[in-house]
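Chains G and C supply the protein sequences, listed in that same order.
The numbering used here numbers the first residue of the first sequence as 6 and each following residue consecutively.
The numbering used here numbers the first residue of the second sequence as 47 and each following residue consecutively.
Worth flagging that the hints you see were computed from the coordinates, not collected in a lab.
A hint or two may mislead.
When the alpha-carbon atoms are kept at most 25 Å apart in a straight line, the in silico DSS-like pairs for lysine-lysine are as follows [to be verified]:
#1 G:Lys-171 - G:Lys-228
#2 C:Lys-245 - G:Lys-93
#3 G:Lys-214 - G:Lys-228
#4 G:Lys-214 - C:Lys-245
#5 G:Lys-310 - C:Lys-245
#6 C:Lys-328 - G:Lys-228
#7 G:Lys-228 - G:Lys-123
#8 C:Lys-316 - C:Lys-245
#9 C:Lys-316 - C:Lys-328
#10 C:Lys-316 - G:Lys-228
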Amino acid sequence: MTVTALPDTEPPRRGWYKRNEIAVTPWLFLAPAILFFAVYVIIPIFQSFSISLYDWDGLGQAEYIGLGNYAELMNDRAFEVSLWNNLKWLVCYLLAIPAGLFIALFLNQTVTGIRIYKSLFFFPFVLSQVVVGLVFAWFYLPNEGLLSNMLALVGLGPVNVLGDPKLATYGIILAGLWPQTAYCMILYLTGLNAVDPEQVEAARLDGAKGWRMLWYVIVPQLKPATFIAFVVTIIGALRSFDLISIMTNGGPFGQTRVLSFYMFEKALSEYGFRMGYGAAIAVVLFLIMLCFIAYFLWSMYREEKGH
Amino acid sequence: MFPRPIQQASASAQTAYKTMLPIALILWLLPLIAVAIFSIKPATDFTQGNYWGVPGSFELFNNYGQVFFNSDMPRYMLNSVLITVPTVIGAVALSAMAGFALGVYNFRSNIWVFFMFVAGNFVPFQILMVPVRDLTLDLGLYNTKTGLVLFHIAFQTGFCTLFMRNFIRALPFPLIEAARVEGVAEWRIFWFVVLPLMKPALAALAVLIFTFIWNDYFWAIVLTQGPDAQPVTAGITSFNAQYRAAYHLMSAGSIVAALPPVLMFFLMQKHFIAGLTLGAVK
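Bound-form chain C, shown alone:
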C-alpha cells in the first residue's frame, strides 16, 4: 500500500493526520459552507452588512419556504425531472443494444462504428449548436422538454455505448457461445443472457447520466426559454434575477437546485464511482 499506512507511523504523526483531515475538508468545502451559511441568514443581515458575523436569526425554514412556495423553482425542478428521467431511460436502452452489438459480434466495421460513438462523444457542443437548434425548430420542438430529451438521448448514447461495449467485452464469452450452441435466438441471448449480467453497468450509467443531464446548462439555454420547459440549471438564473442581491434566497435556491444529484450520489455511491472510474484500473 502506498503511501505507507499511517498506523505504522509514530503516535504523534497519527494524531497530526487525524487533526489535519477535518481541517483539510473544511478548507476544501469552504465556498460551499459559505453558501450554506448564507442560506439560513435573514435578509436584514445583508442590508446591515453583517455578512460573516453570527446570523441575526435562524431563517432556514423561511428562506427555503420562499424558494418552494413563492417562486417558479418547483416548476423548474419538475421540468428537470421530466427531462432527466426519459433521457436516462432512452440513452441506457439505446446504448445497451448498441453496446451488445459492438461487444459480442466481430463484423468488419465494428471498430469504426465504435470509434464514431467515442469521437462524437468528445466533440465541442458548439459545433452542433446551430444545426441542432434549427432541426429542433423545424420539428416544432423548440422550447419543449421533448426537444431537449431527444437531443440528450442522442448525445449521451456516445458515452453510454463506449461504457456498455467495454463492460460487455469483459463478460465471459463462453456463456454466449453456449447459448448459441443450444440454438437460442440472438435477441433472446441479449434479453435473457447478457442483460441480466449487465445490471451493474445499467445502474452505474443510470446514475451518471442522471447527474450529467440534471446539471446540463448549455443545451437548456439553447433549446428552451421560460419556465414552461426550462430545467432548474437555466431557471436558477431567472430566479437570481428575480431576487437580485437577496443572497439568502439565491443561496437557498442554488442548494435546492443542486440537491437531487447530490442525493443520487450519496445513495448510489458505489455505482456512481464504479461508473466514473471504469477503465482506471487494468
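Just chain G, with the same shape it has in the complex:
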C-alpha cells in the first residue's frame, strides 16, 4: 500500500530487466536476426566444410573419406577449366568500374531530359540476370540474332558466340557487364555530385584539365564510390551463375563452367547427386571469396576506427 501510494519518494525494488535494461535490450533486439542468420547462413557454412569430407549422394549413408574429394579435384579437368574461367570473370568484370565512370562522366551534365537518360542507362541493372541472359542469348543467335545481322551489314560472316568454346565465356561476361556497368555508373554519378567544386575550380586555375584533372583531382574524391564499386563487382563476378545457367548451361563442351556452376552441376543436376564433391568445390570457392571478404572487413574496420 505504501509503495503504491508513494511511488516517487521511495523507489520500488526494480525488476531485473529494469536494472539491466541498457545491457539486455540490444540482445533482445538482435535475437531474431541472429537466430535466422545463424540457422540459415553461419551454421551451413560449417556444415558444408564437414560434408565436403564425405562421399554422399544426399539420400543414403554418407561415407567418410577424409580429403578424398579434394584429392579428386586436383585431377579434375573440369574443375581446372572452371577455376580459369573464374579468373577470366574476375579480371574482365572489373572493366565495369572504368566503363561506369566513363558513362557517368558522359551523363554528368544538366541538359533537358538528362534525368530520364540517367534512369534509362541505369535500367539494365533492375532486370533479373535470367532476363539479361535470355536477351543476350537471343542477341547472339547465329542466324536470327541482331549481332550477326548487324555484322552482315558490314560484310562480316555470322558468328556463333555462345557456340564457340573460345568466345562463349567472354560473350557471357559481356552480358554480365551490361547491368554491372550500369550499377557502377550510378555510384559514380552520385559521387560526382558530391565532388568539391572549389577544389575543381582551384585546380582549373592551376591549369589542370582533361585526364590530369580527372586522375589527380576527381578520382581521389571518388574513392568511397570506387570502393563500393570494387566490392560489388568482385562479389558479382564470383557469384556468376544465373547467366551461365541460362545462356549456355556450362557448354559448349563444359567450357563456360565456373566454380559456382560446376558445384551446382555436381551436387544437384542430372549428372548425379554428389553432395560431398559439390561441397568441396563450394569450399574452394568460399576460400577464394574469403580473401576478398577479409580485405573488405579490414577496410571497414580501419574506417570505423578512424571515426
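Got chain G sorted already, so can you dock chain C onto it with the hints?
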C-alpha cells in the same frame, strides 16, 4: 562541376552532345530493344526468316494475351509476389531491430556481431546450398513458398542490417539520450523515436529487397520445382521450353517477367538510388 558544363562549350559542341545522347542510349539498350521488337511480331515472321525486317503484322495484344491467358505465367507471377512481399516485410523488420541494437548501443561485441552480418552477406551461395536444402527438406518445406521465404529473410538480413546500422549511426544521437533522460523505455525509444526517423531507409530497403528477391534464380531452382511454388525467374525457363523457338512468345514472356521490378524502380527511383548508393559519398 566535372566535366565542365556543356553550356560553356561552343554551340556546335552542344549540338553534338545532344545528338550523341539518344544515339548512345539506343546503342546501350539495343539488345533490349531487339527483344521488345520480337515480342510484337507474328509467328509467321520467324518461320519465313523475317527476323529484322518490318513486322508482318502488329501482334502486341495477341502475343501478350497468350502469355497472360494461355500459359502458367500468371501463376508464376503470383508465386513471385507471394515470395517477395513476405520476404521484404520480414527482412526489413528483423534488420530494423538488429540495426537499432548495433547502431545505438556500445556493447563490447558490437563490431563483431556487425561484421558477422556483413561477412555472411558476401559468402557464395554454393557454400550454403547443400545444408540449406537439407534443412528445408527436413522441415517439410521443400517446394513451398514458405521454405524460400524463410531462407531469403535470413540471408537478406545481412545486407539490410549493414544498411540500417549505418543509417542509424548517422542519426542525431542526442535525441535518443534526451529520451533516455526522460525515462522512456528502450523499446519505446525504438518505436517512437528511431523508427519514424528511419522511414527513408525502410523505403529504400523495401524497394531494393523487392528487386533482389524478385530477380533471384539460384534459390528458386534449388528449393522449388514446378508451377506450385516456383517464382517467375525459374518459371520462365519452363515457359521457354514450352514455346521453344517461338521467339515472339518467349520475348513477350521475358518482358512480362521483368516488368514488376522495372515498375518498382521507375516509381520509387529516388529511394532505389538512395539505397544503392549509400556510402558512395562521405
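Each hint tested on the structure:
1. G:Lys-171 - G:Lys-228: violated (36 Å)
2. C:Lys-245 - G:Lys-93: violated (41 Å)
3. G:Lys-214 - G:Lys-228: holds (19 Å)
4. G:Lys-214 - C:Lys-245: violated (42 Å)
5. G:Lys-310 - C:Lys-245: With Cα atoms ~28 Å apart, Lys-310 (chain G) and Lys-245 (chain C) exceed 25 Å; violated.
6. C:Lys-328 - G:Lys-228: Given pair Lys-328 (chain C), Lys-228 (chain G) holds - Cα atoms ~9 Å apart, limit 25 Å.
7. G:Lys-228 - G:Lys-123: holds (21 Å)
8. C:Lys-316 - C:Lys-245: holds (13 Å)
9. C:Lys-316 - C:Lys-328: holds (19 Å)
10. C:Lys-316 - G:Lys-228: Satisfied, since the Cα-Cα distance of roughly 23 Å is no more than 25 Å.
Taken one by one, the earlier hints fail for this structure at numbers 1, 2, 4, 5, listed in ascending order.
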